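*Asks:* If you want the building blocks of each chain, they are given just below.
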Amino acid sequence: MSSVSKYFSGLFTGIKSLLTGMGETWKELWTKKVTQQYPENRDTLVISDRFRCELTMPHDENNEHACTSCGICQMNCPNGTIRVTSKTIETEDGKKKKILDTYNWDLGMCTFCNLCVLTCPSDAIKFENTFENAVFTRDKLKQQLNHEGSKMREKKKEVKPVEPKAE
Amino acid sequence: MSLNYSQPLEISNLTSWLDAALRGCLAEFWVLLIEFVLVAVVLLAAYAVIALILIYAERKITAFFQARFGPNRVGKWGLLQSVADMIKILLKEIIKINRSDRFLFFVAPFFMIVASMLTFGAVPFGKGLHAIDFNIGVLYVTAVSSLGIIGVLLAGWSSNNKYSMIGAMRSGAQFVSYELSAGFALMTIVVLAGTMQFSAMIEGQRYCWNIFNGHISSIIAFVIYLISGHAETNRGPFDLPEAESELTAGYHTEYSGLQFGFFYLAEYLNMFIIASIATTVFLGGYMPIQVHGWEGFNQIMTYIPTYIWFFGKTAVLIFLSLWVRWSFPRLRIDQLLNLEWKYLLPINLVNILLMVILVLTGLTLTDLFPGLF
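Chains as they are written, first to last, in this note's numbering: chain A, 1 to 167; chain B, 168 to 540.
Calculated from the structure, these hints are not laboratory results.
Since we're looking at a predicted model, the values are computed, not measured.
Quick list of simulated restraints, FRET-style, between CB atoms:
{"id": "1", "chain 1": "A", "residue 1": "Asn63", "chain 2": "B", "residue 2": "Ala251", "range": "49 to 59 Å"}
{"id": "2", "chain 1": "B", "residue 1": "Val458", "chain 2": "A", "residue 2": "Gly21", "range": "34 to 44 Å"}
{"id": "3", "chain 1": "A", "residue 1": "His59", "chain 2": "B", "residue 2": "Thr229", "range": "42 to 52 Å"}
Quick reminder that beta carbons are idealized off the backbone N, C-alpha and C, glycines included.
My request is simple: use the sequences and hints to build the entire structure.
*Replies:* Rendered as structure tokens:
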């Protein structure tokens, strides 16, 4: 190609590519805005279920949880965020039994590694995606996860066989 | 030709009434003095207000190009954002730089602002809203607007900072190069219009804008003027004098507070001035759209005041400049100079010759279709 035709073809391909670029930005101008206006859009905000923000211990309608107070979560916690205290009571038929007294978790120390949830043998705890964790003092970060007056859920042996039949 | 359409919303009605009222009760000298002061105050106020509006518009349009909302917290739709920014910049401390050339450092922002202010005064905003109407208006604008580069070079030199210096030198090279193209593009239209006076130029575009009148040649000149004007204002893909990644902020790195504000203001106003000169020279300035023989249409169009026409056309060009700015990546210095010296300047020289031929052989639209345009 001679240098003259090179000059002109370069010029026109240049102009064409510039116009293509401007066409792209023109389309971009009319696209939907991606900005999330956070405090206003709380109702429509979608946070992934897998997002780990706050450790919780689910309680059912009878104020019962599944924690056996075995302390495996406490042992597995890399930085001592969880403290499980248990007490021993005597049941009606005279057996001694270890039950959960308090389950303390310190959000300020937690690295949200999920090891406690993974190792829990009875699926008693789980991470929720409630992400608004800011408080004014560090003391408020220390939470007790078991509710007041809650007790461990007894295994109901009669119910279990019924369920498959009902399906 | 009947040109006596009623223009009830025109500001020239107010100014001529004011002039008559003042002349009724004062001597010639005092009338002129008061009017000069009034014009100066109005121009300065317009300068600041237009800059605020432009900064807001730029931030909004930029955001839209990037699928964001832009400022939307201060006031309704963020309308007060640029006012808040202005107050902030007025309250900031002006820092004295150690081992800088104090005097030149202080003077540099004024060069910038005075150059753009002088140009601003020559812009015809509307019928009767034209502070200075030289018979060499185009030449005046070209001459005065190029004073700003002295401010940039002084700022870079006096800051005693290598980044500022490199930024200023790049800006100087860029400005000197592109000033040539801008000047030639304007000269092309001067050939077509046969005058350098802005008001006469606008009057000549009553039925056919210069960009259509000179067809091929005018459109090439228009594009070249926009590119080189864009480059002169150090914006968009040509903002390498202030390339953040290499030079922090280029020539105004060391400036703070109001002095930085001056550079900032001048940059935005230069964008406006480039757009308004392009409007005046190519797009018929403040002249409403008018068609030969369509009396009713012309009447309706002239009801819309001339300053609205002017600002509307200018806004379109400013939008174009923002569009370009957010479409293209920054040029390297060699690419920048290549574009000017290998492409724009030769094309421009051929183009001005083409325009002369068009005008002399009567191939412009007004010559070809005398009744229509």
